[in-house]
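So the sequence lines, in the order shown, correspond to chains B and Y.
Numbering of the first sequence is given in our numbering, commencing with residue 148 and proceeding in unit increments.
Numbering of the second sequence is given in our numbering, commencing with residue 148 and proceeding in unit increments.
Hint data in this document are derived by calculation from the structure and do not stem from the laboratory.
Please note that the accuracy of each hint is not assured.
Here are the simulated SDA-like pairs of lysine to any residue, each with C-alpha atoms no more than 20 Å apart in a straight line [as the list claims (entries may be wrong)]:
1. B/LYS524 <-> Y/GLY453
2. B/LYS252 <-> Y/ALA489
3. B/LYS255 <-> Y/GLY345
In silico contact screen, one side only, chain B against chain Y (beta carbon under 8 Å); selected entries [stated by the list, open to error]:
4. TYR249
5. LEU443
6. ASN450
7. ILE473
8. ALA551
We put the beta carbon where it would ideally sit given N, CA and C, even for glycine.
Here are the chains, one letter per residue:
Protein chains: 2
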Amino acid sequence: MTAETLCVGTEILLGNIVNTNAAYLASQYAKLGITSYYQTVVGDNADRIKECVSMALSRSDLLVISGGLGPTQDDLTKEAVSELLGRKMDVDDTSAKRIKLYFDKRGKKMSKNNIRQAMIPEGARIIDNNNGLAPGVLIELNAKEAAKFGKNAKTAPMILMLPGPPEELTAMWESSVAGILQKYTGQVIYSAMVKICGRTESEVAELLDDLIQSGGEVTVAPYAKTGEVHLRVTASAEDEKSAKKLVKPVIKEIKNRLGNSVYTTDEDTTLEQAVVELLLANGLTVTTAESCTGGLIAGRLINVPGVSEIFKSGYITYSNKAKRKIIGVKRKSLEKYGAVSAQVVKEMAEGVAFFTKSDVAVAVSGIAGPDGGTPEKPVGLVYIAVNVCGQITIKDFHFSGNRAKVRNSAVASALILMRQCILEYYSKLTFGDNDNE
Amino acid sequence: MTAETLCVGTEILLGNIVNTNAAYLASQYAKLGITSYYQTVVGDNADRIKECVSMALSRSDLLVISGGLGPTQDDLTKEAVSELLGRKMDVDDTSAKRIKLYFDKRGKKMSKNNIRQAMIPEGARIIDNNNGLAPGVLIELNAKEAAKFGKNAKTAPMILMLPGPPEELTAMWESSVAGILQKYTGQVIYSAMVKICGRTESEVAELLDDLIQSGGEVTVAPYAKTGEVHLRVTASAEDEKSAKKLVKPVIKEIKNRLGNSVYTTDEDTTLEQAVVELLLANGLTVTTAESCTGGLIAGRLINVPGVSEIFKSGYITYSNKAKRKIIGVKRKSLEKYGAVSAQVVKEMAEGVAFFTKSDVAVAVSGIAGPDGGTPEKPVGLVYIAVNVCGQITIKDFHFSGNRAKVRNSAVASALILMRQCILEYYSKLTFGDNDNE
Chain B
148 MTAETLCVGT EILLGNIVNT NAAYLASQYA KLGITSYYQT VVGDNADRIK
198 ECVSMALSRS DLLVISGGLG PTQDDLTKEA VSELLGRKMD VDDTSAKRIK
248 LYFDKRGKKM SKNNIRQAMI PEGARIIDNN NGLAPGVLIE LNAKEAAKFG
298 KNAKTAPMIL MLPGPPEELT AMWESSVAGI LQKYTGQVIY SAMVKICGRT
348 ESEVAELLDD LIQSGGEVTV APYAKTGEVH LRVTASAEDE KSAKKLVKPV
398 IKEIKNRLGN SVYTTDEDTT LEQAVVELLL ANGLTVTTAE SCTGGLIAGR
448 LINVPGVSEI FKSGYITYSN KAKRKIIGVK RKSLEKYGAV SAQVVKEMAE
498 GVAFFTKSDV AVAVSGIAGP DGGTPEKPVG LVYIAVNVCG QITIKDFHFS
548 GNRAKVRNSA VASALILMRQ CILEYYSKLT FGDNDNE
Chain Y
148 MTAETLCVGT EILLGNIVNT NAAYLASQYA KLGITSYYQT VVGDNADRIK
198 ECVSMALSRS DLLVISGGLG PTQDDLTKEA VSELLGRKMD VDDTSAKRIK
248 LYFDKRGKKM SKNNIRQAMI PEGARIIDNN NGLAPGVLIE LNAKEAAKFG
298 KNAKTAPMIL MLPGPPEELT AMWESSVAGI LQKYTGQVIY SAMVKICGRT
348 ESEVAELLDD LIQSGGEVTV APYAKTGEVH LRVTASAEDE KSAKKLVKPV
398 IKEIKNRLGN SVYTTDEDTT LEQAVVELLL ANGLTVTTAE SCTGGLIAGR
448 LINVPGVSEI FKSGYITYSN KAKRKIIGVK RKSLEKYGAV SAQVVKEMAE
498 GVAFFTKSDV AVAVSGIAGP DGGTPEKPVG LVYIAVNVCG QITIKDFHFS
548 GNRAKVRNSA VASALILMRQ CILEYYSKLT FGDNDNE
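Could you put the whole structure together from the sequences, leaning on the hints where they help?
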């Protein structure tokens, strides 16, 4: 099966947003064993949408369109497709009810425009949207329609229309679309994700060079994220069992080479989740004292459902006074070493653990920029301290990029350092026990 | 002039990289007053590249191709274009010398493949690459070539080939390409951004329907963001002054209709920045007490450089005990109303302002899910309280979506409510003063 992507939206043509949907969809095709030769972007213009749809239907089996399902007059995708195919549009009652309910819940009146989001080409399959108002739409062309694009009943293409907001598109893909499409592709693709933290992409690429370059039936593709490298390990076979059997030994080999840099082989587990699970497994409570990251580390930890068992409170101590008054950093240390120093993050990690009676504490202080840098302490310098049951580790980092990039790098590094310190703490404990035997 | 973008590279079709080149080029066209209706991505395949190039030449004045200029057998852009036009390729001596020099400098031997990077279609203009090996190439089609694509001597299109690595492409654009293209376009585009908070996209669309639909020389295009709507207002004219003059009254009209829902008309100002600027302008210090948002509101505020003047500390009070001990929520209130209640966020906003001696405080408590919902208090229910100098506003929200979406919506709503409450506080103050006169 070949698929192509058509992203509709003048904001992409104006360069106001980067087309992440196209990249997401491309990676999902790959997972399903669907080949893709083209991606197109077109503006909110009915004639040009029709032109691109026609072109795509004549050369691909599946056309995935994202965007243009919103409530405004600009949103033309469904209308253009219906006109091109000669199908009528009708209000889908279930979708209309969902939309009305959405406004009722909020005590707001549904605007006239919103009913457009419930209009569906006849004969189309509706895909529920649990994160927004516009439902997805799947159309299988009939033989007569297919003939317009040089196809026949057997090669009739499909059109899938998805909402443009990335969080709606990805959620809909994962909850519904992937399952629907798998039935159309004969092959089963099995792919697993190996997530690695604390190593650069080039380190990982060097250690796994032969696996990445193998060209064999199992492919290993690395993707760099802030502080992390994700490896997608994929094989295709006639059934899932056979595909899994191909993937398994490769994952084992990756784990052997990378040791505990691998924090999960579960697609859905995030770094913060791995950290929270490690804390839960060891019955450790946790707290945060953040300066330049300003709450973002706590924000990541609180992403994880169930974190309330171990996270009770956290502190954003942005000013020197807050560092002193709230978590007991010494005035002398602030004067002698400055707020961005190993000594101060150490005292932050000690103080915040003490005052909140937490087992684990992470403390961050750094210069996120754009101002505040000096030759000795340039923008991008960040100190992170982790306190695990009184054992304190301090590290300095030198990040590049703008304020947002420095802060995001600091958050990822703090989570990675927490994980390392907890693992080391317990590995030493076990080691110590053995020594005493 | 109309331009379209063709990005060549299988890595984009596999979703391994996000196509930032297309977004960059789009924003550059807009700056030069060049209209763009299409973007395409195609893999490293000569036939498909030719197909896409033909299509583009038949419908646009300028085709900008990025990628496929590298040294490997996969890099086919120049070959495909030359074949399509029927032009020969020749080694460009200057480029060949530059490439050789590059390797000499590094003490390396130039590989045979690299000479391919100096091969140029005859009659083409070469654009130096100061950041890499592959030069850029500009071809103006002659009348005979133009005829193949339904054009004549007067409407003959141009092809511009740029290197794929983003840092090479952007550097080449800025140092050479922008200047070359400006000579071809007579027109200048001016566009401004109007950013709106606290209104839905469909509300905005209804209020501005005539402006959005006008079809006149000024276009108004809405883009929905979490809690915000952005409007791009664009006009083109012979010079910047005339274009500005067209845009100005439209912006004024939008402000008239939407009142202080418009938080900025500056492209680069974010919502958190508008809030911080409002606080700074009124000399107000600020603090946060967050439960389900877990530090993300503070995280947004601390995005803004210079926030340290007004933000000293913030609190993540996730447990009931933390709410009581750290910011003085009454045990009785927690028992009687529950942690997610109007009374508790009120006490959080009072307590945190009192203990930190801050003028403004925002407090959030809600059920982000996936667990913890009840029929009376379902997942998505969030209470937000804002305290401005003792005047407290409490609002309940009902957000939909997963945990991350509920939390992001809560963060945006908190920032918007802060802004509203501060504006109202001062409007009432002024009003009171007048009454006393």
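Comparing the hints with the structure gives:
1. B/LYS524 <-> Y/GLY453: Given that 20 Å is the threshold and the Cα spacing comes to 18 Å, the pair holds.
2. B/LYS252 <-> Y/ALA489: Holds. B/LYS252 to Y/ALA489 sits at ~18 Å (cutoff 20 Å).
3. B/LYS255 <-> Y/GLY345: With Cα atoms ~13 Å apart, B/LYS255 and Y/GLY345 stay inside 20 Å; holds.
4. TYR249: Cβ of B/TYR249 sits 7 Å from chain Y, so the hint holds.
5. LEU443: Cβ of B/LEU443 sits 4 Å from chain Y, so the hint holds.
6. ASN450: With a closest approach of 7 Å, the B/ASN450 hint holds.
7. ILE473: Holds, about 6 Å.
8. ALA551: holds (7 Å)
Of the numbered hints given earlier, the model fails none.
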